[in-house]
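K.L.:
The primary structure of each chain is shown beneath.
2 protein chains.
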Amino acid sequence: MKYVSNIKSPADLKRLTIEEMEVLASEIRTLLIRKLSVHGGHCGPNLGMVEATIAMHYVFNSPEDKIVFDVSHQSYTHKILTGRADAFIYPEHYDDVSGYTEPSESEHDHFIIGHTSTAVSLASGLAKGRDLCGNRGNVIAVVGDGSLSGGEALEGIDWAAELNSNFIIVVNDNQMSIAENHGGLYQGLEQLRQSNGMCENNMFKAMGLDYIYVDKGNDIDALIKAFKQVKDIDHPIVVHINTLKGKGYALAEEDKETWHWSAPFDIETGNLTYNSDAEDYDDLTALHLLEKIKQDKKVCAITAGTPGVWGWTPERRQMAGAGFIDVGIAEEHAVALASGIAKAGGKPVLGLCSSFLQRTYDQISQDLCINDNPATILVLWGSLSSMTDVTHLCHFDIPLLSGIPNLVYLAPTNQEEYLAMLDWSIEYREHPVAIKVPMGATNHATRPVPAHFSDINKYEKVESGSDVAIIALGAFFALGENVVRLLKEQGINPTLINPRFITGIDTEMLDNLKSDHRIVVTLEDGALEGGFGEKIARYYGPSDMKVLCYGAKKQFVDRYNIAEFLADNRLVDTMIVEDIIKLL
Amino acid sequence: MKYVSNIKSPADLKRLTIEEMEVLASEIRTLLIRKLSVHGGHCGPNLGMVEATIAMHYVFNSPEDKIVFDVSHQSYTHKILTGRADAFIYPEHYDDVSGYTEPSESEHDHFIIGHTSTAVSLASGLAKGRDLCGNRGNVIAVVGDGSLSGGEALEGIDWAAELNSNFIIVVNDNQMSIAENHGGLYQGLEQLRQSNGMCENNMFKAMGLDYIYVDKGNDIDALIKAFKQVKDIDHPIVVHINTLKGKGYALAEEDKETWHWSAPFDIETGNLTYNSDAEDYDDLTALHLLEKIKQDKKVCAITAGTPGVWGWTPERRQMAGAGFIDVGIAEEHAVALASGIAKAGGKPVLGLCSSFLQRTYDQISQDLCINDNPATILVLWGSLSSMTDVTHLCHFDIPLLSGIPNLVYLAPTNQEEYLAMLDWSIEYREHPVAIKVPMGATNHATRPVPAHFSDINKYEKVESGSDVAIIALGAFFALGENVVRLLKEQGINPTLINPRFITGIDTEMLDNLKSDHRIVVTLEDGALEGGFGEKIARYYGPSDMKVLCYGAKKQFVDRYNIAEFLADNRLVDTMIVEDIIKLL
Numbered sequence: 013m014k015y016v017s018n019i020k021s022p023a024d025l026k027r028l029t030i031e032e033m034e035v036l037a038s039e040i041r042t043l044l045i046r047k048l049s050v051h052g053g054h055c056g057p058n059l060g061m062v063e064a065t066i067a068m069h070y071v072f073n074s075p076e077d078k079i080v081f082d083v084s085h086q087s088y089t090h091k092i093l094t095g096r097a098d099a100f101i102y103p104e105h106y107d108d109v110s111g112y113t114e115p116s117e118s119e120h121d122h123f124i125i126g127h128t129s130t131a132v133s134l135a136s137g138l139a140k141g142r143d144l145c146g147n148r149g150n151v152i153a154v155v156g157d158g159s160l161s162g163g164e165a166l167e168g169i170d171w172a173a174e175l176n177s178n179f180i181i182v183v184n185d186n187q188m189s190i191a192e193n194h195g196g197l198y199q200g201l202e203q204l205r206q207s208n209g210m211c212e213n214n215m216f217k218a219m220g221l222d223y224i225y226v227d228k229g230n231d232i233d234a235l236i237k238a239f240k241q242v243k244d245i246d247h248p249i250v251v252h253i254n255t256l257k258g259k260g261y262a263l264a265e266e267d268k269e270t271w272h273w274s275a276p277f278d279i280e281t282g283n284l285t286y287n288s289d290a291e292d293y294d295d296l297t298a299l300h301l302l303e304k305i306k307q308d309k310k311v312c313a314i315t316a317g318t319p320g321v322w323g324w325t326p327e328r329r330q331m332a333g334a335g336f337i338d339v340g341i342a343e344e345h346a347v348a349l350a351s352g353i354a355k356a357g358g359k360p361v362l363g364l365c366s367s368f369l370q371r372t373y374d375q376i377s378q379d380l381c382i383n384d385n386p387a388t389i390l391v392l393w394g395s396l397s398s399m400t401d402v403t404h405l406c407h408f409d410i411p412l413l414s415g416i417p418n419l420v421y422l423a424p425t426n427q428e429e430y431l432a433m434l435d436w437s438i439e440y441r442e443h444p445v446a447i448k449v450p451m452g453a454t455n456h457a458t459r460p461v462p463a464h465f466s467d468i469n470k471y472e473k474v475e476s477g478s479d480v481a482i483i484a485l486g487a488f489f490a491l492g493e494n495v496v497r498l499l500k501e502q503g504i505n506p507t508l509i510n511p512r513f514i515t516g517i518d519t520e521m522l523d524n525l526k527s528d529h530r531i532v533v534t535l536e537d538g539a540l541e542g543g544f545g546e547k548i549a550r551y552y553g554p555s556d557m558k559v560l561c562y563g564a565k566k567q568f569v570d571r572y573n574i575a576e577f578l579a580d581n582r583l584v585d586t587m588i589v590e591d592i593i594k595l596l
Numbered sequence: 013m014k015y016v017s018n019i020k021s022p023a024d025l026k027r028l029t030i031e032e033m034e035v036l037a038s039e040i041r042t043l044l045i046r047k048l049s050v051h052g053g054h055c056g057p058n059l060g061m062v063e064a065t066i067a068m069h070y071v072f073n074s075p076e077d078k079i080v081f082d083v084s085h086q087s088y089t090h091k092i093l094t095g096r097a098d099a100f101i102y103p104e105h106y107d108d109v110s111g112y113t114e115p116s117e118s119e120h121d122h123f124i125i126g127h128t129s130t131a132v133s134l135a136s137g138l139a140k141g142r143d144l145c146g147n148r149g150n151v152i153a154v155v156g157d158g159s160l161s162g163g164e165a166l167e168g169i170d171w172a173a174e175l176n177s178n179f180i181i182v183v184n185d186n187q188m189s190i191a192e193n194h195g196g197l198y199q200g201l202e203q204l205r206q207s208n209g210m211c212e213n214n215m216f217k218a219m220g221l222d223y224i225y226v227d228k229g230n231d232i233d234a235l236i237k238a239f240k241q242v243k244d245i246d247h248p249i250v251v252h253i254n255t256l257k258g259k260g261y262a263l264a265e266e267d268k269e270t271w272h273w274s275a276p277f278d279i280e281t282g283n284l285t286y287n288s289d290a291e292d293y294d295d296l297t298a299l300h301l302l303e304k305i306k307q308d309k310k311v312c313a314i315t316a317g318t319p320g321v322w323g324w325t326p327e328r329r330q331m332a333g334a335g336f337i338d339v340g341i342a343e344e345h346a347v348a349l350a351s352g353i354a355k356a357g358g359k360p361v362l363g364l365c366s367s368f369l370q371r372t373y374d375q376i377s378q379d380l381c382i383n384d385n386p387a388t389i390l391v392l393w394g395s396l397s398s399m400t401d402v403t404h405l406c407h408f409d410i411p412l413l414s415g416i417p418n419l420v421y422l423a424p425t426n427q428e429e430y431l432a433m434l435d436w437s438i439e440y441r442e443h444p445v446a447i448k449v450p451m452g453a454t455n456h457a458t459r460p461v462p463a464h465f466s467d468i469n470k471y472e473k474v475e476s477g478s479d480v481a482i483i484a485l486g487a488f489f490a491l492g493e494n495v496v497r498l499l500k501e502q503g504i505n506p507t508l509i510n511p512r513f514i515t516g517i518d519t520e521m522l523d524n525l526k527s528d529h530r531i532v533v534t535l536e537d538g539a540l541e542g543g544f545g546e547k548i549a550r551y552y553g554p555s556d557m558k559v560l561c562y563g564a565k566k567q568f569v570d571r572y573n574i575a576e577f578l579a580d581n582r583l584v585d586t587m588i589v590e591d592i593i594k595l596l
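Chains as they are written, first to last, in the working numbering: chain C, 13 to 596; chain U, 13 to 596.
Source of the hints: derived by calculation from the structure; they are not laboratory data. There's no promise every hint is true.
Copies of the same chain are indistinguishable here, so a pair counts whether it falls within one copy or spans any two.
[What the hints assert, rightly or not] Result set (DSS-like, lysine-lysine): computed pairs, CA atoms no more than 25 Å apart in a straight line:
id, residue 1, residue 2
1, 14, 310
2, 565, 470
3, 473, 500
4, 26, 14
5, 14, 470
6, 594, 526
7, 594, 565
8, 240, 306
9, 243, 473
10, 566, 237
11, 566, 470
12, 237, 473
Could you build the full structure based on these sequences and the hints that come with them?
P.N.:
Below is the structure:
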């Protein structure tokens with residue numbers, strides 16, 4: 013590693029020749045593949061952006077010139093060039109940096125970013141703020157890798173034309189999203205690539221922006237020339253660069269979808285280092301829906317650019333045919349589309365990761381629930397034990413959805429209950445239904461599961477006891493069972509309830525508890541504020557019932573240790589029992 | 013009225029000649045102006061779409077062919093032609109129909125729509141559902157009047173190109189949003205108009221769509237020819253029609269912004285029938301911010317296409333210069349832009365109507381609050397006494413915002429407290445701040461107001477009493493004062509608290525209440541589920557304190573009588589007192 017170790021800041025980079033930078037690119041690629049093989053992370057996006065990032069830091073003067081990376085999952089080379097190379101060179105330092113840009117790490121990072129399609133808008137704010145404050149410098153937004161189809165990105169690109177000052181949008185066109193790209197604009201990008209940027213109907217020009225094209229998006233020399241051409245420009249411009257996703261790692265170049273993000277792997281074979289054969293809820297979902305689609309042409313599965321999140325491998329997508337719809341990164345559209353399909357008599361099942369569902373509150377409320385169209389939404393990975401990056405927290409789906417009228421939000425506690433809910437929901441025509449799909453390995457029912465859930469807000473009393481009632485929601489039902497077991501060891505005989513419905517209260521059951529219970533405990537696998545437990549607390553507010561609500565307190569946490577986080581929120585059976593006994 | 017009274021369904025329209033339809037258009041225009049002058053409503057959008065709506069219903073066969081209107085505020089002529097003319101002919105029937113499409117009124121309406129930019133996605137769902145179910149018929153989305161810049165519209169247009177079957181997008185280009193259009197795509201539309209649809213860089217073609225242009229968008233004959241050309245087409249196509257907003261009412265043609273929506277007015281002069289001189293919070297806000305902008309170039313006010321909602325008249329916008337930013341209908345972009353400006357050292361104040369704020373949950377969480385950038389968001393019209401159309405309810409901003417970490421959400425109770433909070437927030441650099449701006453006529457402080465609110469979650473105890481404490485949030489502080497007065501008449505001496513902070517709990521004050529209070533009452537001007545009161549109920553859950561929470565129960569209500577609605581939710585001082593006394 014002749015060069016990479018000596019680059020402590022972009023100033024060191026500027027001393028290199030083109031040829032030296034090409035060697036540097038190769039060193040960085042080696043580091044990336046090595047770290048990713050051990051640590052996991054975003055492979056393809058970073059491998060494709062090595063040269064462009066070198067060229068940007070060579071031409072521009074970060075941090076006075078500000079580079080904002082969309083999703084910021086393609087910022088690894090940027091980190092290496094801005095004083096954080098150690099976190100890619102030394103395994104013991106691999107965890108020193110976030111997988112995304114992080115202002116607390118470096119003055120070269122301007123935002124914490126993890127959701128797609130935000131960089132143009134955020135960076136245009138830096139540009140506008142610069143102008144308002146009378147400051148100088150280039151502002152560069154780097155967007156691509158499927159993000160362009162997101163509404164926020166398109167809003168930002170549209171507005172950028174009004175910014176009558178320096179603003180550079182680098183469109184990293186690697187012809188891919190996580191899976192293949194979807195949407196008509198990618199046809200337009202293809203025509204631009206094929207015509208060396210010269211074709212009619214350039215969407216960027218049609219939206220009022222200046223434009224240049226760089227065909228060799230992995231050629232440092234060509235990129236430097238392009239960036240020099242736009243540096244200090246006095247108006248907004250798009251620099252469209254044609255890059256190769258996964259470049260330099262043959263397996264990633266060949267299978268771009270698999271290698272968008274990868275768990276640790278063997279560099280030579282590409283095989284994952286740890287491979288679990290246990291069936292999980294993602295696989296279960298895709299396989300179950302695939303059967304449904306085969307049996308009934310009206311059923312369709314919809315994803316917004318993340319088929320892999322719920323088991324939809326390329327093979328399964330192909331088998332589903334017209335019954336599988338990937339709208340690309342366009343969550344808002346996905347919800348409205350599902351509402352329209354349901355209205356037309358179809359049976360749409362939309363799968364959205366809890367974190368990305370956050371983009372669709374208004375669509376779920378307005379397009380879906382006011383219209384009361386019977387679509388199904390599967391809320392995926394919604395758990396405190398899910399992704400731990402602050403930008404990908406899956407803590408907030410209960411507060412987000414549970415206050416929306418007309419929506420039935422269900423929390424299954426095991427595989428059989430989940431599939432019964434899903435089957436029922438697909439045929440149910442009264443209301444939209446959301447299901448909080450459990451995460452990870454499947455678990456089985458130990459009690460009978462009903463086939464219908466039309467009796468809205470009817471809880472299941474699993475065990476009848478007295479004094480203490482545990483209302484254990486969804487994935488935390490197992491925690492509730494443990495609390496019950498521990499209480500029984502203490503001579504307390506509690507009631508155990510599986511509420512099933514997140515969006516309402518079984519007033520009859522709760523009223524009945526008043527006669528011989530003094531404490532009701534709620535357990536939910538998500539944020540407490542605005543959540544399920546608070547509904548119970550409010551319901552019992554005017555009564556003598558004491559209520560203890562368990563969930564995550566209000567905070568943004570980043571890259572947390574899950575066990576420590578749960579303990580910090582007293583989400584541990586022994587702690588809960590301790591609290592109950594203290595209150596009894 | 014020779015023709016309009018005889019049109020009971022589109023079939024009756026199809027028997028008319030072009031000349032007769034032109035007379036019909038003139039009759040409809042007379043009806044629209046007459047009803048709007050008495051009833052109020054959307055003037056310009058409907059006056060501009062009379063001919064296009066006639067032509068669509070002449071060519072297509074609704075309801076087998078399905079027409080979906082974006083925002084659906086331009087659907088009045090559609091209602092007249094589909095059996096609902098009486099609601100426009102007879103004043104006693106004016107309120108028989110909604111101002112938006114409403115499936116419960118007619119089989120010709122497919123969705124309840126009131127927010128912008130949703131029609132393309134919803135209609136594409138109808139088209140996809142049609143295909144999945146093996147049905148037939150045209151699906152037509154009508155979008156325009158500023159809506160194209162919204163992310164959901166752009167996501168939908170992008171995805172439409174993938175729909176390999178019949179789908180017609182009518183772009184109603186009246187060169188306006190509510191105010192003037194913003195965003196580069198409107199430059200592109202202008203070039204298309206100037207070139208009769210033939211210019212290079214057609215954004216629709218760039219996004220993979222077929223396209224035709226109709227220059228005479230208010231000429232029934234030309235429109236019929238165009239719609240016949242696309243009827244039963246086997247792929248998606250855009251029909252771009254050039255219409256005149258406000259056509260046929262000279263005042264509305266001249267001043268398109270004022271006449272987008274109007275309260276009842278005198279037809280001859282255009283003067284409003286009822287005109288209040290009382291200062292309101294909208295005017296107060298714009299005037300105050302205008303002064304701030306004049307004094308400090310770093311301050312800017314941002315709107316997403318709705319400047320009039322918070323007092324920003326064209327004159328005031330002009331006076332603010334670069335300090336006023338209208339991003340067009342693009343709420344998501346507006347939030348990210350504000351975050352970027354704040355990061356760059358600017359002092360952005362973003363005004364969003366509570367109902368439209370719903371589109372920005374993810375941007376507020378990710379772009380703003382995770383980054384903890386100190387922008388100010390003014391939540392406008394957020395009240396149960398605000399707009400009463402189901403699509404425009406302003407009930408949900410507390411549940412939406414109050415669970416987001418880092419955000420300080422403030423609820424002022426009077427004019428002086430509001431301006432102190434606003435002044436403080438503009439200079440505060442620690443966290444993003446949202447302020448729930450009161451609605452309607454201003455009211456004055458009767459007690460001193462602090463200049464700083466940095467002591468986060470510190471409530472104000474306004475009156476000290478015992479037994480009962482009333483925590484009266486924001487606009488409902490006045491309700492709290494009335495409850496206190498009535499309780500005193502009953503010999504009860506309650507505590508009165510102005511919490512000021514929606515997003516947190518003053519644990520010290522709440523703990524102290526335990527010693528000599530038995531009941532805590534919360535009052536909030538919004539939905540109960542996930543709201544402020546539930547936080548208090550949860551906090552007191554393990555204690556002996558009884559908690560009564562007042563707000564709106566979970567439901568979508570439409571065109572409600574506000575007084576009846578408040579009574580139905582027991583949001584009346586005498587009812588609250590009755591409940592308290594019963595519980596004491």
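K.L.:
Evaluate each hint against the coordinates.
P.N.:
Structure-based check of all given hints:
With identical chains, the CA atoms of residue 14 and residue 310 are never at most 25 Å apart, being 60 Å at best within one copy and 46 Å at best between copies. Taking CA atoms no more than 25 Å apart as the test, residue 565 paired with residue 470 passes between copies only; the shortest distance there is 19 Å, against 27 Å inside one copy. Taking CA atoms no more than 25 Å apart as the test, residue 473 paired with residue 500 passes inside one copy only; the shortest distance there is 17 Å, against 45 Å between copies. Only within a single protomer do residue 26 and residue 14 lie at most 25 Å apart by alpha-carbon distance; the minimum there is 15 Å, versus 80 Å between protomers.
In this homomeric assembly, residue 14 and residue 470 never come within 25 Å of each other (Cα to Cα): the closest approach is 67 Å inside a single copy and 57 Å across copies. Taking the shortest alpha-carbon separations for residue 594 and residue 526, both the intra-copy value of 20 Å and the inter-copy value of 18 Å come in at or below 25 Å. Taking the shortest Cα distances, residue 594 and residue 565 sit within 25 Å of each other inside one copy (21 Å), while across copies they are farther apart (34 Å). Taking identical chains as interchangeable, the C-alpha atoms of residue 240 and residue 306 are never at most 25 Å apart, the minima being 55 Å within one chain and 37 Å between chains.
Neither within a single protomer nor between protomers do residue 243 and residue 473 lie at most 25 Å apart by alpha-carbon distance, with minima of 67 Å and 57 Å respectively. In this homomeric assembly, residue 566 and residue 237 never come within 25 Å of each other (Cα to Cα): the closest approach is 48 Å inside a single copy and 59 Å across copies. With identical chains, the CA atoms of residue 566 and residue 470 are at most 25 Å apart between copies only, with a shortest distance of 17 Å across copies and 29 Å within one. When the C-alpha separation of residue 237 and residue 473 is checked against a cutoff of 25 Å, the pair qualifies neither within a copy, at 70 Å, nor between copies, at 65 Å.
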